[in-house]
Amino acid sequence: MSSSIETVRATAPSVAEAFAASLPRAARLEAHGLHHRLGGRAVLDRVSFRVQPGEIFGLLGPNGSGKSTTLRVLTGLLVPEGGQILLDGQPVAAGGRRLRQGMGVVFQSASLDARLTARENLLLGAALYGITGQLARSRADELLAFTALTDRADHLVVQFSGGMKRRLELARALLHEPELLILDEPTTGLDERFFREVWERIELLRVQRGLTVLLTTHRAEEAERCDRVAVIDEGKVIAEDRPEALRQRLSGDVLTLEARNPEGLCAELAARLQLSARIVSGKVVLERERGHELIPRLIEALPAGRIDSLSMHRPTLSDVFVKLTGRSLQGGAAPAADEGA
Amino acid sequence: MERAIEHTRPQRSLLAEEFSTITTLIRRDTKRFVREKSRVVGALLQPLIFWLVIGSGMSSTFVLPGARGVDYLEYFFPGVVVMVVLFTAIFTTMSVIEDRHSGFLQAVLVSPGSRASVVLGKCLGSTTIAFVQGLLFVMLAPLAGFDLLAIDWPLLLCALALACFGLCALGFAVAWWLDSTAGYHVVMSLLLLPLWILSGAMFPAGNAVLAELQRFDPMSYAVSAVRRAMYGGALPNSTGVVGGSTLIELTVLAGFALLAAGLSVQLCYRRR
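Chains as they are written, first to last, in the working numbering: chain A, 4 to 344; chain B, 2 to 273.
These aren't lab readings, by the way, just hints derived from the structure by calculation. Glycine is no exception: its CB is placed at the ideal position from the N, C-alpha and C atoms. Honestly, I wouldn't trust all of these hints.
Calculated Cβ distances over 10 Å to all of chain A for the following chain B residues [said to hold, decoys possible]:
1. V111
2. L199
3. E213
On the chain A side, residues computed to face chain B include the following (Cβ under 8 Å) [said to hold, decoys possible]:
4. A113
5. S114
6. R330
Next up, chain A with everything else stripped away, as it sits in the complex (with noise of 0.2 Å):
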């Protein structure tokens, strides 16, 4: 007996391996308090955020929110006036070397040399970052074939449609295998089926690779896919968390009944069922946990013919965000207050 607790022993942890282990692992990318005013106003207000390796990280909010100037933050466009940014647990300089050799950006706006090819692009980009020859080449082609450009190699980008260039700042960016991918507004003015696309790569890369993204968005279903959300408004990060997390601040589903009496059938659910519900422009509705578990007995309970149609949705994260700001996603920047000094 004594000889097999001694194995176990010997192949169990020691106890400074299994507190290492414990430790929370030193995040891919860290920003801490950054801050940046512009004309007086705080575009940035002590933006804080961790994103850990191998996840995909959205920063939610509208535009003008603050998303695009912490990007240009992180990629050393812009130095903030305060603030720090660690990469694997190591501080680094604002607009430094060492943030831009370890990152891919895709930009929201086109990037590419439109008066030369395809693959002429990509060997730009990859010679910037000092990959040449022959190694520059084969990458090339890989990054051409998995963007699906191949047959395209030689064009001159400027025929190219919008989802073509998209998957082309793609793949240059991901020539020199960075360990952190930037996008901005991956899918800002592409179709469905970009859409898809581009987010099926956006996976198949984090899968194949362990590749870390962080982006930006203003769209709630790009957000719903990330793995973790940062919600982002007038340069303030408001939460952080996964996305299901942050739907569950909202206190369940939401059901909206369509009634030609709404006063009636508020107060007839209020008098059978015990339900405070709210009339919403016209429709009535109900914020309710397991809404599911509530509509069979809505049903039962209420004469036929007593409601004319019965809906229910779970949150999103717009309508978190309206939760949390006051203001819908879509309705853009808050007006632009006249507060610069």
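Got chain A sorted already, so can you dock chain B onto it with the hints?
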């Protein structure tokens, strides 16, 4: 312990990174220029016509004081060489603005190379193009009565290279600062055309005031050095900058180039 988390990525030296950025940008701009044949031809044809029309129109009335026998087409030729360089530098450096608008500049700025290398790469790319255009035009010198074999080539190459780089670096600074091609053209024309006319490219300084002004015009030194080289090292009388010499001309051109490059780098580090 901290060091242990370093990435497995092979670390390239700082110099290698900067070198990549510089050579990549040079190759890209030259490749684009060669691809556009119309630009190559246009950059030669326009000055050629300019030289022929103005040169032959003026030749009947032009008398070079103190150096009779130099006809106007001959006098004007070195000035047009500098004009070729000037126009090419203006046009190619304008690509900085196009690159910013097309977004390509962003992709360069997020790559590991420093901004100083971005400036150097862009300026050297434009310099290469302007230099080659200038040289191509010099090949037409026999039309103006110059003997290609009698040219002081080392002086010509040095003067052209320095003038090209200085003009491109100045163009970069203006392009970075302005961010509009129309505005860029206005500023560059207002700034450089008067300097070119004053430089002695079209006429020698006729009076003391002009001669004094010429001494503060970097273009005068470019025209002077090119003309000196075309005559095999010895300037005809009463042409060129007052008190000029090969050494002074090249020094001024080098100083101008350094100053303009310094200005560009400084502007470029103010992030935009």
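Outcome of the hint check:
For B/V111, the requirement that its beta carbon stay farther than 10 Å from each beta carbon of chain A is not met, with the minimum near 5 Å. Residue-level check passed: B/L199 sits 36 Å from the nearest beta carbon of chain A, beyond 10 Å. Distance check for B/E213 against chain A: the nearest CB is about 45 Å away, which clears 10 Å, and the non-interface claim stands. The interface hint given for A/A113 holds, since its Cβ lies 5 Å from the closest Cβ of chain B, which is under the 8 Å cut-off.
For A/S114, the shortest C-beta to C-beta distance to chain B is roughly 4 Å, which falls under 8 Å, so the interface hint holds. The restraint placing A/R330 at the interface with chain B is violated, with a minimum CB-CB distance near 29 Å, outside the 8 Å limit.
The structure shown violates the earlier hints numbered 1 and 6.
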